[in-house]
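All chains should be modelled from the sequences, with the hints used to inform the complete structure.
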Amino acid sequence: MLVTIYTAEFGIASYIENGVRSAKAKHKMALFQPLTLLELEVFHKPGRGLHRISEAKCYFPYRQIPFDVGKSSIALFLSEILGKVLKEEEANFPLYDFLEESFQFLDGAQGNYENFHIQFLWNLASFLGFAPGSTEELIDQLKQSQFTGANVIDAKL
Numbered sequence: 105m106l107v108t109i110y111t112a113e114f115g116i117a118s119y120i121e122n123g124v125r126s127a128k129a130k131h132k133m134a135l136f137q138p139l140t141l142l143e144l145e146v147f148h149k150p151g152r153g154l155h156r157i158s159e160a161k162c163y164f165p166y167r168q169i170p171f172d173v174g175k176s177s178i179a180l181f182l183s184e185i186l187g188k189v190l191k192e193e194e195a196n197f198p199l200y201d202f203l204e205e206s207f208q209f210l211d212g213a214q215g216n217y218e219n220f221h222i223q224f225l226w227n228l229a230s231f232l233g234f235a236p237g238s239t240e241e242l243i244d245q246l247k248q249s250q251f252t253g254a255n256v257i258d259a260k261l
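Residues 105 to 261, numbered by my numbering, are exactly what the sequence shown covers, in order.
Hint data in this document are derived by calculation from the structure and do not stem from the laboratory. Some clues are possibly wrong.
[Said to hold, decoys possible] In silico DMTMM-like pairs for lysine to aspartate or glutamate, Cα to Cα no more than 20 Å straight-line:
{"id": "1", "residue 1": "LYS149", "residue 2": "GLU121"}
{"id": "2", "residue 1": "LYS149", "residue 2": "GLU159"}
{"id": "3", "residue 1": "LYS161", "residue 2": "GLU204"}
{"id": "4", "residue 1": "LYS175", "residue 2": "GLU204"}
{"id": "5", "residue 1": "LYS161", "residue 2": "GLU121"}
{"id": "6", "residue 1": "LYS161", "residue 2": "GLU205"}
{"id": "7", "residue 1": "LYS161", "residue 2": "GLU113"}
{"id": "8", "residue 1": "LYS132", "residue 2": "GLU143"}
{"id": "9", "residue 1": "LYS191", "residue 2": "GLU113"}
{"id": "10", "residue 1": "LYS149", "residue 2": "GLU113"}
{"id": "11", "residue 1": "LYS132", "residue 2": "GLU121"}
{"id": "12", "residue 1": "LYS161", "residue 2": "GLU145"}
{"id": "13", "residue 1": "LYS149", "residue 2": "GLU194"}
{"id": "14", "residue 1": "LYS161", "residue 2": "ASP201"}
{"id": "15", "residue 1": "LYS132", "residue 2": "GLU145"}
{"id": "16", "residue 1": "LYS175", "residue 2": "GLU218"}
Structure below.
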């Protein structure tokens with residue numbers, strides 16, 4: 105099985121894991137569900153597109169995301185978005201911490217999480233190099249149905 109994983113040390117990377125579907129699998133396929141927080145030992149060789157996983161275990165088992173349709177839908181949506189926008193192949197510890205804390209928050213949220221993905225994407229924008237200038241200005245533009253982009257600033261990490 106091929107998996108794309110965002111890691112703290114290497115950024116986004118592709119890994120191969122053999123035999124996850126067999127009865128004697130070293131690592132079960134359930135470990136590689138979208139947005140699962142894993143502790144990995146990998147053979148990572150710079151310059152190669154595909155790396156190997158030697159050890160994998162879940163270090164933060166979700167208690168609600170797999171069993172709550174709303175939360176799992178949000179997680180799958182965010183997984184798709186992150187797959188499209190995260191392209192860096194280098195360490196970015198602040199971004200990794202943001203992702204980890206956000207998914208742990210979503211898992212533990214008790215109601216009123218329906219707009220979590222909007223707030224998440226708002227905050228993610230600053231890590232991607234752009235961010236809305238002010239919330240009030242953006243809300244005014246959205247009410248007037250015109251977003252000019254004049255309030256977009258460069259984010260500094």
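Agreement of LYS191 and GLU113 with the hint, judged by alpha carbon distance not exceeding 20 Å: 14 Å, holds
Do the alpha carbons of LYS149 and GLU113 lie within 20 Å of each other, as the hint requires? The hint holds at about 13 Å.
Pairwise hint evaluation, GLU121 against LYS132, where the allowed Cα distance is 20 Å at most: Satisfied, since the Cα-Cα distance of roughly 10 Å is no more than 20 Å.
Going straight from one Cα to the other, do LYS132 and GLU145 come out at no more than 20 Å? 15 Å, holds
Starting from LYS161, check that the Cα of GLU145 is at most 20 Å away, please. 9 Å, holds
Would you check the hint for LYS175 and GLU218, treating anything up to 20 Å between C-alpha atoms as holding? Holds - the C-alpha atoms of GLU218 and LYS175 are around 8 Å apart, at most 20 Å.
Can you confirm whether the C-alpha distance between LYS161 and GLU113 stays at or below 20 Å? 17 Å, holds
Holds or violated: LYS132 to GLU143, with C-alpha atoms at most 20 Å apart: 14 Å, holds
Given pair status - GLU159, LYS149, alpha carbons within 20 Å: Since the Cα atoms of LYS149 and GLU159 sit roughly 16 Å apart, the hinted pair holds (cutoff 20 Å).
Please verify whether LYS161 and GLU205 have alpha carbons no more than 20 Å apart. 18 Å, holds
Tell me if the straight-line CA distance from LYS161 to GLU204 falls inside 20 Å. 16 Å, holds
Is LYS149 within 20 Å of GLU194, Cα to Cα? 13 Å, holds
The structure meets every hint from the earlier list without exception.
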